[in-house]
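Given chain S, put chain W in place with the hints provided.
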Amino acid sequence: MIYLDNGATSLWKPACVYRAVSKAMLTCANPGRGGYDAAARSAEVVYRCRERVATMFDCEPEQVVFTANCTHGLNIAIRSMVKPGSRVVVSGFEHNAVMRPLYALGAKVTVVGRKLFDWDAMLTEFTRAIKQGADGAVFTHVSNVFGYILPVEEMAAICKEYGVPFIIDAAQSAGTIPLSLKKLGAGFIAMPGHKGLLGPQGTGILLCADTPQPLLYGGTGTDSVSRDMPLALPERLEAGTVNVPGIAGLGAAVAYLAKESVDAVARREHALAKVCGEMLEDMGFFVFRGAHQASTVSFLPGENCEEFALGLARQGIAVRAGLHCAPLAHESAGTLETGTVRLSFGADGNFRQIEALGRGILGIKRE
Amino acid sequence: MNNLWIVTFQSVTYAQKAQRALREQYIDSGLRRTPMGLSSRGCSYCLQLREKHIVDAVMLLQEKGMLSGKVFAQRKDGRWEERTL
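Sequence lines, in order, name chains S and W.
Take the first sequence: its letter number 195 is residue 195 in this note's numbering, and every next letter is one higher.
Each position in the second sequence, counted from 1, maps to that position plus 1000 in this note's numbering.
Chain S extracted, bound-state conformation:
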């Protein structure tokens, strides 16, 4: 199979991830609960992962909260920052993981920067909206549909200048573009563990600089007589037993990425996306390409995008078609009616995948 759906999840993982998951399942009890060896070992595995994540994202280990996925983290962050009626500024490329919680809370949402790959327009509109008065901002680092890398450092600086708290959705950038919680000054950064970070599915991370409100209430192994959740992070947000095998795998993956260097992975993936986009254009497709593009490319196949993706799937090529759970992004790009076919490269990406894709598309055309 040629797997080009890393925007949904990375399928290839380093061998150390499988080993770590397996070892944790065999040897780890409940962390932060008992005092015996298997519980202590489990707590050590979890804390080691926190340390590695903290090093990668420039924060303290206790600011690293493990979640079930990026959506889970975003829900915690948004519910902590946004109250009913809050004025919230978002980019025109947000995923439903951002938009649905905002709508559910009754936030007054202002959408800015709907022009693809245009940083000037984004920053002008974003600044204007923040100046007009905002209680918060939420923006994605990279569009999951188009691979558009937003100017998050500049947007963060604008928020800080006007004292507006903000959340970054790093679903598509964590593990492939360096990020610093300290430097950005975000209240929260949410990310999945299973995409660019190469960990197992069912893992996510919420980096917390601000004090969050728990989404789940329950046992934490400490502060047991209190009727409320502990104030201290990460326990405040980690009610119940955490996903120790997943976290063990994630810890191994983050250690692998630290050795490989996030920059090197990013350069390779971005180069592949660029070459792939050029090939698709040469084949006559409309491709959404531009400056500030990560490892994801969307294009219009000139026919029903789901049928086109099915044609590729029949040839063993895995891509994602449709609206990618981001109708706002498609509305911004004018593709809400048609959807797009999305190709997203991963850490195992190579030029042979692009050649195979080209052959697959020619195969569909012959059909």
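You may find that some hints are simply not true.
Covered by chain W, per the in silico footprint, the following chain S stretches (three or more residues, Cβ under 8 Å) [as the list claims (entries may be wrong)]: (1) 28-39; (2) 216-229.
In silico BS3-like cross-links for lysine-lysine, where the CA-CA straight-line distance does not exceed 30 Å [claimed, not checked]: (3) S:Lys183 - S:Lys259; (4) W:Lys1064 - S:Lys183; (5) S:Lys160 - S:Lys108; (6) S:Lys259 - W:Lys1064; (7) S:Lys183 - S:Lys131; (8) W:Lys1064 - S:Lys182; (9) S:Lys365 - S:Lys274; (10) W:Lys1064 - S:Lys160; (11) S:Lys160 - S:Lys183.
Calculated Cβ distances over 10 Å to all of chain W for the following chain S residues [to be verified]: (12) Tyr47; (13) Ser86; (14) Glu161; (15) Gly185; (16) Leu233; (17) Phe351.
These are computed hints drawn from the structure, not numbers from a lab.
C-beta atoms are modelled at their ideal positions from N, C-alpha and C, and glycine is treated no differently.
Relative to the frame of chain S, chain W by itself:
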């Protein structure tokens, strides 16, 4: 003289962080559950230390802003006694 001492923490994560900080200064400690009754907040974790390390350990944790709990020494009868250093 007492032999064993413990320093309590608000969570296992903070205890682990403190243990790492002590280890960097070659101070050995053991992570364990806090004996019942020593914490007014129910279950918690602590670091167990040898008496020869306790002063250095507490000073280091204070310097780093990691000392959020209490310090106890074990008496000869096995009971724990809160201490101020």
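Hint check results:
{"no.": "1", "hint": "28-39", "in the structure": "holds (count 4)"}
{"no.": "2", "hint": "216-229", "in the structure": "holds (count 7)"}
{"no.": "3", "hint": "S:Lys183 - S:Lys259", "in the structure": "22 Å, holds"}
{"no.": "4", "hint": "W:Lys1064 - S:Lys183", "in the structure": "22 Å, holds"}
{"no.": "5", "hint": "S:Lys160 - S:Lys108", "in the structure": "21 Å, holds"}
{"no.": "6", "hint": "S:Lys259 - W:Lys1064", "in the structure": "29 Å, holds"}
{"no.": "7", "hint": "S:Lys183 - S:Lys131", "in the structure": "22 Å, holds"}
{"no.": "8", "hint": "W:Lys1064 - S:Lys182", "in the structure": "19 Å, holds"}
{"no.": "9", "hint": "S:Lys365 - S:Lys274", "in the structure": "23 Å, holds"}
{"no.": "10", "hint": "W:Lys1064 - S:Lys160", "in the structure": "28 Å, holds"}
{"no.": "11", "hint": "S:Lys160 - S:Lys183", "in the structure": "11 Å, holds"}
{"no.": "12", "hint": "Tyr47", "in the structure": "4 Å, violated"}
{"no.": "13", "hint": "Ser86", "in the structure": "30 Å, holds"}
{"no.": "14", "hint": "Glu161", "in the structure": "29 Å, holds"}
{"no.": "15", "hint": "Gly185", "in the structure": "21 Å, holds"}
{"no.": "16", "hint": "Leu233", "in the structure": "8 Å, violated"}
{"no.": "17", "hint": "Phe351", "in the structure": "43 Å, holds"}
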